[in-house]
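Colleague: Chain residues, written in single-letter form:
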Amino acid sequence: MKPIKRENKKGISVMIGYVLLITGAIVMSILVYQWLRSYVPSESPECPADVSVFIKEHVCSTNQLDITLKNNGKFNIAGYFIHVSDQTDQKIATTDISQYIESGGIFAENAVIFLAGGNNAMKPNDEKLGVFGLSETGMDNIYLIEIIPARFQKIENRLTFISCGNAKVREEVSCNLKCSDSDGGINTLVAGTCTDDSGSYADYCEGNAQKEYYCSPDNLCVIDNTGCPSQGGYECQNGACAIPS
Amino acid sequence: MRKIKPKKKNKKGLSPVIATVLLIAMVVVIALIIFLWFKGLTEEVITKFGKKNIKLACDDVKFQAGYGGGSLSISNTGTVPIYSFTIKMIKPGSHTSDGFKNPQQLLNLNWPALGLNQGEAFASGDLSTQLPTGTEELVLIPVLVGKTKKGAEKIHTCEERHGYKISL
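Chains as they are written, first to last, in the working numbering: chain S, 1 to 245; chain C, 1 to 168.
Bear in mind the hints are in silico, worked out from the structure with no lab data behind them. Each residue gets a CB set at the ideal place from its N, CA and C atoms; glycine is no exception. Treat the hints with caution; some may be incorrect.
Ranges of calculated distance between the beta carbons of each label pair, as one might list FRET restraints [as the list claims (entries may be wrong)]: (1) C/Glu-136 / S/Pro-124: 41 to 51 Å; (2) C/Thr-129 / S/Leu-129: 42 to 52 Å; (3) S/Gln-99 / C/Leu-168: 51 to 61 Å.
25 Å max Cα-Cα, derived SDA-like pairs, lysine to any residue [what the hints assert, rightly or not]: (4) S/Lys-211 / S/Asn-238; (5) C/Lys-62 / S/Tyr-33; (6) S/Lys-91 / C/Lys-150; (7) C/Lys-88 / C/Leu-131; (8) S/Lys-154 / S/Gly-117; (9) C/Lys-147 / C/Gly-70; (10) C/Lys-149 / S/Tyr-33; (11) S/Lys-56 / S/Leu-115; (12) C/Lys-150 / S/Ser-29; (13) S/Lys-168 / S/Lys-211; (14) C/Lys-147 / S/Leu-31; (15) C/Lys-165 / S/Val-169; (16) C/Lys-147 / S/Phe-161; (17) C/Lys-147 / S/Val-169; (18) C/Lys-55 / C/Pro-81; (19) C/Lys-165 / C/Asp-126; (20) C/Lys-62 / S/Glu-172; (21) S/Lys-168 / S/Asn-125.
A few chain S residues facing chain C, derived, Cβ under 7 Å [claimed, not checked]: (22) Val-27; (23) Asp-89; (24) Arg-170.
So here's chain C without its partners, still in its complex pose (with noise of 0.2 Å):
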């Protein structure tokens, strides 16, 4: 008769305890370095009103503009207050850009320090002479200050399709 030999009991009480801190471990660690890796590749997130994206608040900007007389007219009528605009000037065959973000520098005027709140309007002074010849189109591209997540004021040019065309 073959003696039955006891197999000696696997010890391995600990091992699985051991094995589960390490899991959590690991899981902990590689989503911590996925996090940052992805935080450093995407743009610093600028948001409008608290917590809104400025990118999505470009569409709530609402405004109505003109060019009569030389001057041109702008009237915030939505109720996103507009810090600034860039204009681009359309001729056939060319355009340029120019910021409005100082406008004695273009317009020879009083834009308001804070930009252009809701219901508020502004006319500028002479822009024929400023504008290149030729110029038929202006394009009011708005543009748009928020704070970063530290509450560093940032700003935001909008894309042209948020802009309004005035034909000259």
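In isolation and in its complexed conformation, chain S is listed as follows (with noise of 0.2 Å):
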């Protein structure tokens, strides 16, 4: 008669084998996991696509420089980054000038923003008007403005002032900081008012001679004498050049 061969009770320790077995792995991919989370590509502040304003309008006076910004795109902005250049052959606006906004804005995080307390306070469609003082800056040209809107958002849970590099806009103007003449030069027709670091100056009549205030090319308000044209029977009326009806 065969011996009745005994159980091999091995039931516990497979058991113990597979708990150590799980546990060693979850144990080295947490490992694993602290050492490559650096290498986790997260998501990277950035402006949404649609985020867009242009240069409506910009004024040049004697050290002043009036810009209007209108939102063309989808999104409300915060504020922006503005940059000028007094260099005709610089490719890039560098000279910042957002510290001398003196109305349609605050100067904060290096940029203008519309409004305080992290608002994006310029709606689509909305217009606003920036002026800027621009004595302190020694400039007497504008050549180039460049502009960066920013917004406010929320980047893991805390609120963020992040620029929309994607959208700046860049103009070429040609602006004269410090003579401007409000008939755009020497225009008899027009009595317009020449105003540099000295003064204004409006045009006028010397008697039927019309005296007209333009700049030169030293920035300053200098007389033109030409007077009116001889033909045509145009007088001097009012510091412009006019037919009397």
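Make the complex out of the two chains shown on their own, each in a separate frame, by following the hints.
Modeller: Spelled out as structure tokens, the structure:
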């Protein structure tokens, strides 16, 4: 008669083996994750693609630049970075004038912000006028204006001021900051006012001779004595040449 | 009739427990050894913005640059602060690279101490006398600063593919 074979009681050891294996695998995966965590690409702060602004109008006067900005995008904007250039051959504007904002915003975060408190105050189709007093910059002319809109966005539950570099606008201009003439230069048919660092000078009549003020190449208001056109019966009236009715 | 001798019970009650403890200890020790060995092989991780590897941050760097009238202009149009630049100057048949970290040495001007933040711009002085004769191209490669796990600041130069090429 064959002896009864006793059962090999290894049930518990196998269970422990499985537990050990699983535990080891989990521990190894946690270690590898900790090391590789920094390589996981995370969402970088970026503006939505449909953020867009353009410079609707710019007005240069003596030591002052007025810019009307229009939001033609689909998202609200909190403010903008603004740089200008006084060099004709400079391809990128690098002089930051945001600190010279006098009205139409406040200077914060190295930019012009429309409203304090983390608000994206400029809605789509809104227009904002920014007035910059540039007497302290020492610039005589502006040839290039570049504006980068910016907005506040929530990133990881924190309100962050983000630059929208993809929506940068660039406009080549010809601005004379030291001398401005409201009638555009030597224009005898329009009574204008010339303004330079020493004051404002209005075109006037001396008898029938029209005295036209204009900006010289030295950025000074000087008089042109050409007078009214000799043909056509022009007379000087109120600083401008006109045909009497 | 054969007498069936009862087989003596194998008293191994304690051994499986000891074996289990030994197994767990072995797994932990081996895992630790492998981890420390692996850690020694890899370079120190530098992160930007707290958790993102600085190499990945290079992909997010955006800037524009131009050269005109002998002056280099740079505008940071992205959201990643650029600490510095390495400038690669290329002329036919050769190239040299120069760091931009101490601009006074190369460009004789005031580079912002903390680098170029988002929205900021920079213009150099006259570079024309500083560049090697015959230089046809400049490649501006951004240099970022990040933090190690211990909190120390470390500089990382991005790869050339993140650079900006300017033709002179």
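Colleague: Next, verify each hint and record whether it holds.
Modeller: Checked hints:
no. : hint                              : in the structure
1   : C/Glu-136 / S/Pro-124: 41 to 51 Å : holds (45 Å)
2   : C/Thr-129 / S/Leu-129: 42 to 52 Å : holds (43 Å)
3   : S/Gln-99 / C/Leu-168: 51 to 61 Å  : violated (32 Å)
4   : S/Lys-211 / S/Asn-238             : holds (11 Å)
5   : C/Lys-62 / S/Tyr-33               : violated (29 Å)
6   : S/Lys-91 / C/Lys-150              : violated (42 Å)
7   : C/Lys-88 / C/Leu-131              : holds (10 Å)
8   : S/Lys-154 / S/Gly-117             : holds (14 Å)
9   : C/Lys-147 / C/Gly-70              : violated (36 Å)
10  : C/Lys-149 / S/Tyr-33              : holds (15 Å)
11  : S/Lys-56 / S/Leu-115              : holds (21 Å)
12  : C/Lys-150 / S/Ser-29              : holds (23 Å)
13  : S/Lys-168 / S/Lys-211             : violated (44 Å)
14  : C/Lys-147 / S/Leu-31              : holds (21 Å)
15  : C/Lys-165 / S/Val-169             : holds (21 Å)
16  : C/Lys-147 / S/Phe-161             : holds (22 Å)
17  : C/Lys-147 / S/Val-169             : violated (34 Å)
18  : C/Lys-55 / C/Pro-81               : holds (14 Å)
19  : C/Lys-165 / C/Asp-126             : holds (19 Å)
20  : C/Lys-62 / S/Glu-172              : holds (22 Å)
21  : S/Lys-168 / S/Asn-125             : holds (17 Å)
22  : Val-27                            : holds (6 Å)
23  : Asp-89                            : holds (4 Å)
24  : Arg-170                           : violated (10 Å)
Checked against the numbered hints given earlier, this structure breaks hints 3, 5, 6, 9, 13, 17, 24; the rest are met.
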